[in-house]
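Student: Protein chains in written order, with the numbering used here: chain A, 294 to 1164; chain R, 174 to 577; chain D, 229 to 387.
Hints in this document: simulated from the structure, not taken from any laboratory. Virtual Cβ for every residue (Gly too), placed ideally from N, Cα, C. Any given hint could be a false lead.
Stated by the list, open to error - Only pairs whose alpha carbons sit at most 27 Å apart, straight line, appear in this in silico DSS-like list of lysine-lysine:
1) Lys870/A x Lys1059/A
2) Lys870/A x Lys403/A
3) Lys870/A x Lys1056/A
4) Lys1065/A x Lys870/A
5) Lys403/A x Lys429/R
6) Lys214/R x Lys443/A
As the list claims (entries may be wrong) - Looking from chain A toward chain D, a few residues come up when the C-beta cut is under 7 Å (computed):
7) Gly924
8) Ser928
9) Ala935
10) Glu970
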Amino acid sequence: MRLPPSPEERIDRSRTVTFFFEGEPIEAYAGDTIGSALFAAGRRVFSRSFKYHRPRGLLCCSGHCPNCLMQVDGAPSVRVCTAPVREGTRVRSQNVLGSLDRDLLAVVDKVGGPFTPVGFYYRTMIRPRRAWPYYERFLRRVAGLGTIDKHARRSSRFDTEHRRAEVLVIGGGPSGLDAARAAARDGRRVVLVDEGLALDAQLPREDGFETIAPARAIGIYEGGLVPVDAGDVLLRFRAERVVVASGAIEQPLLFPGNDLVGVLLPSAVRRLTRLWSLRPGERAVVITADDRGLAAAEDLRRAGTSVARVVDLRTTQPAQMAARGSHGRVRSVSVDGDSVDCDVLVMSGGSQPAYSLLAQAGARVEYDGTRGIFVPRDLPPHVEAVGSAAGEGARGAAAVPAASYRGTESGGRCFVCICEDVTDKDVKRAIAEGFDSIELAKRYTTVTMGPCQGRLCHLPSIRLYARETRAEEATIGTTTARPPWAPVRLGLLAGRGHEPAKRTSLHHRHKELGAQMMWTGEWRRPHSYGDVAAEVRAVHEGVGVIDVSTLGKLLVSGPDAVSFLERLYPNRFGDLKPGRIRYAVLGTDAGRIMDDGTIGRLSERDFYVTTTSTGAETVLAWFEWWNAVWGYDVSVDNVTGALAALNVAGPRSRALLARLTELDVSPDGFGYLDAREARVAGVPCLLLRIGFVGELGYELHFPSPYAEYLWDTLLERGADAGIRPFGLEPQRILRLEKAHVIVGQDTDSESNALDANMSWLVKFDKDDFVGKWALEHVRERGPRERLVGFEMANGTVPPEGGQIVVDGLPAGRVTSARWSDAVGKAIGLAWVPPALADEDSRIEIRVDGRLEPALVRLRPFFDPDDERLRA
Amino acid sequence: MRDIFRTRRMWRPRGELKDRYDVVIVGGGSHGLATAYYLAKNHGITNVAVLEQSYIGSGAAGRNTTIVRSNYRTPEGARFYQRSVELYERLSRELDFNLLFSQQGHLTLAHSDRALITMTERAEVNQLLGIDSRVVGPPEVARLCPELDLSHDVTWPILGALYHPRGGIIRHDAVVWGLARGADRGGVEIHPYTEVTGIERSNGRVTGVRTTRGDIECDTIVSATAGWSTLVADLADVRLPITTHILQAFVTEPLKPFLDVIVVSSQMHVYVSQTDRGEILIGAEIEPYTTYRGTSTFPFLEYSARHVLELFPQLENVSVLRQWTGLCDLSPDYSPILGVTEVDGFVVSAGWGTYGFKAAPIVGTTLAELISTGRTPELIAPFTLERFYTDTLVSELAAAAVSH
Amino acid sequence: MSRDFLAVELAPADGFEPRWRSPLERALRDAPPGIRDLSRTGKLHVHGDVGAPPGVEVVRVAPDRALVLCAAADVERVRGELGERVVDMSAALAGLEVRGERLMRRLADLDLDALPAAGAVAHVPATVLRDGDAFRIFFPQEYADHVGAVVLDAAAGLA
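The shape of chain A in the complex, shown without the other chains (with noise of 0.2 Å):
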């Protein structure tokens, strides 16, 4: 039943919209909030509460609360008496077994037993232990409020968008909009959010500056970060100065019966009346401490209720107070021992200001005596309070005494946190165990933690704590405030959910030859193009190609760049001629290998470095970071991208290349580790002739944008050697025959290159180089694992990672395992104790549990002398 049509109404009457409501349709009026329809359909009840399961109502109407939540449509939690009716919309209840009018649940608020007082789980069900699972499944199914379907899938679309403003103002009631015309007439870009709740929100569209509603602040964050949730976008405002208008927050009391449906406070009586047109109830009784409650009285006359006593705690202060229920609603309302019939009590503590932002942006927050409430200090230099939310004509808490009501006869709880049902018995108790500072306690009673995010709570119940403890309030300080300031939804954070990715210029040829790609750091990679055993014998017996622009390329160039490769690198280039080509390995200060890759010399002054596809960034941080230190005259440049990279490689590879190119080819004129500039089917390239593979091979670097015609040619001209793509795992086995290194799988972040046998890479007669100081110490104290090749006695293969045993215990690990048919045995690399890095050694390496024979093996596994590679 409405009330007659007023103007301020926020109903538009003549539309009328139909949801769910437990699956029965409800007629709703455009403008009305699912709340505010279903109150007017009659219902009461609107949750259960989290611990007793007591019937709660509406109380604020102002999205504080945790007296609405319900599930809409999927949504857990959602409150609902500030969330539109939508057409169609499906709403249900939660944390009820049954229904919200017959919660069976509800038991426990009528027989109390071992489920009531605070913190009761740390004392009971810890003998027997084999109970506990049971127990603590049972905790958890009572725990929670709203359900989550296991099966739905992402469906709303979130955005993100990135806003500026000079002067951000938040909050639209009579202090913003001052603040924000102020700043706009002084010229400044000023943007205003607000949430959309105040009465007057029908906010003006004024000139000069901007409004965004409803609207609300997540937090204040550093570098003046302000995210506002405007619904399905989430605006990062970033602002110079940010005002907060973020008003008062209305208090409750505390006395026996103060959660009884019924009860509100004046910020309900006022929307349901005035937004909405309802009449809240038939007889009123009002106990306030400031004039929004005569306020709220005034209201509920206006909407037909009658008001049936008024009780200005400023004038009088009783000693007893409680109300008391049936069937979870307010029946009377007794003061001093004088009942009052009622079926509305609106209450209300005085109003605290909204802080929490400010906290947040380094505010402090401190207790004001007089007025009774916490005021905001000192704020950080570029935000500002205004209004309520600096306190400004905040009152009536002072009148409100700071321990609760008594109640007439023992029985009616007093909350002091609903969201959590703590009484104010839970919280004295707490003190009386010891729990005796703030944050102690309010972890022990979970006081504040619940869904109004300590809205309700904070205020009395540290007014009550100091009263308990008989210190100040002032001397106790406030909780943490913990950031967001409302509640945001997981979707709006993450909005489009993009992540970078980087793709090769060759990827989609990759996909369409039906490759299966793989991760490789933020790669993705062919793992093979399907038959991996015929990809590494074209390799072996024909030629191959595999795209290698993942390598990290870098241009060091410069009159020093000898003296700055040579101090960062542990090997030596100064000896390096023109067109020739170096492996090198790169050292942490620590001694520790940070990466690999081949550095060919271009001219006296200039160096192209190759890095692992992983390790691009690090090593180029790593050399801008010396670079900057040591104050060479070096550029740096990275050209990973700009440079696609393609390894051909086979006994036909040279074959295939000579078609080409004009590029003198013969071994005489291009030999193993030499580097050619020369145009290949037309495209100038970087040639560079190595074999990470073990096989006759060059690797092609060239301007990535021509990369899938190079690619595309040499298929074409190569298709009559039986040329054939190959993948990451095709070269792994090939590598592996070869015993060849992968930094980051066969070496960890405490490998060295001396116990991984490479030695002949450090040159400790050069002056200086990263990391010199802890090789020496290595090479002084002697290996303590070695780095060795193995391969299996009965050709199974061992898990990468699997542990080579001694006396039971672990003594070394397997890094790559593979079977190979060029080799016909099952081989791999791994740490071993020293004692064991012997040719022939016998090795025990565990697999499925059981340990298998394996012999230590030192050379590569195929072509130990290298004949292939050089040929």
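Please build the complex by placing chains R and D on the supplied structure of chain A, with the hints as guidance.
Tutor: Positioned in the frame of chain A, the structure of chains R and D alone reads:
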């Protein structure tokens, strides 16, 4: 059962500081209180004061994400944390305080074959040491956690996981309070809101501490101060190779049971569990920059939300209620620095990174033994400060990208 | 040796006709009007101080480094004019143009009134220039598919 209706003090109210204690423990967190508890219980050493600059459990002990597990990479680490898990399993009964230890299982996801190799290594090491730990493929991941999105068309496809059935979550506050009550009943004094401002030494050994409530003489000082470790060690002129970083976490609104296993993804820098209050608890990796300022950041919420929804798209409309930040003391090899230092009588428990909470009971027992006997227990011998001078590191790094 | 292997603009040789392909070609196939592929713009990295030869744009991306933009056909000439410490990055960077402040705000956390600037676009390092309502974005080409997808998706969100 009847006991729960009676109001009994957990610990004595804070008293005056005495002039002298045998042992002063700096830090009223899980390590400091565990050390105090075991000093009294196992060794009868009760002239002990625990000094805490704020309230007990206010630092890392009250901010961590409560995961307990032992599936470490190094044999030294795995053995050590396994003892800790075993102690935790008994601790509720021992303390007569329910720590709500939920051994629901711990799944570390692999999104690359490189990650699978690391996990295989951990599982093999674990199994050799008798720890229940194994690598499981996608079908078993689906069985253990049907809520996970296992489709291939995602940024981080799930190729398998390291499964650790005895891994679990525990109520962190309960651990602090249970140990504090145990220590208090054993005779130890707990002094909250008592900050250490100096460490007195003479002839290379400690002789006392200065505090904001007066000076105290003592023979032994234990620093168990996590993110503040370097600052406290500085007071004794002991240099620790530790950097302090922040680690962030958040919880959602409470939900009915949704997830009954802990899910960790190193590559996605995220771990997810559901607390027994029903909240989904989501944590991240240690932030790469060093700071003592525990400010929460917004980008953390954004990328964590992005990654969580990639794993659990069902949570799209679930709201975040609170985020917070803790300080982590990170050592170069991600293993702790535990035991004696070059200053006689100055004992440290530091360098824990994200692992400290998991180790509380074993740190307590071993440090108590060390203080009582003067000998370093074998279990913690690999974790001495000296290892950074002799280059005998115990590297958990390969396992540590995110490893809660 | 020189660094000719970095040059994108080729004179045909040896009877081969190398075909240039934009990294954004596939990603922008279904792009709405207003989104243009600029990947063939000439782009040079210059270390140290830069004089601006005629017909080029200079964007300082770091205190000691600038990005020089020019027509593809002019790269060779400009490279010569800029002296020694120049690297041809034409192939390294993809480029695209979008229209509308709102779209740009969904892509980057940048002050759009203070362009050109270097910053993240679609979580990828980029350089952004502004001409009225049009924004030019240059970024590492290996992210082309990703950035293309994000831009189209953001545009669709505003449509």
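Student: Please go over all the hints and tell whether each is borne out by the structure.
Tutor: Do the hints match the structure? See the list:
no.	hint	in the structure
1	Lys870/A x Lys1059/A	holds (18 Å)
2	Lys870/A x Lys403/A	violated (91 Å)
3	Lys870/A x Lys1056/A	holds (18 Å)
4	Lys1065/A x Lys870/A	holds (25 Å)
5	Lys403/A x Lys429/R	holds (23 Å)
6	Lys214/R x Lys443/A	violated (47 Å)
7	Gly924	violated (12 Å)
8	Ser928	holds (5 Å)
9	Ala935	holds (4 Å)
10	Glu970	holds (5 Å)
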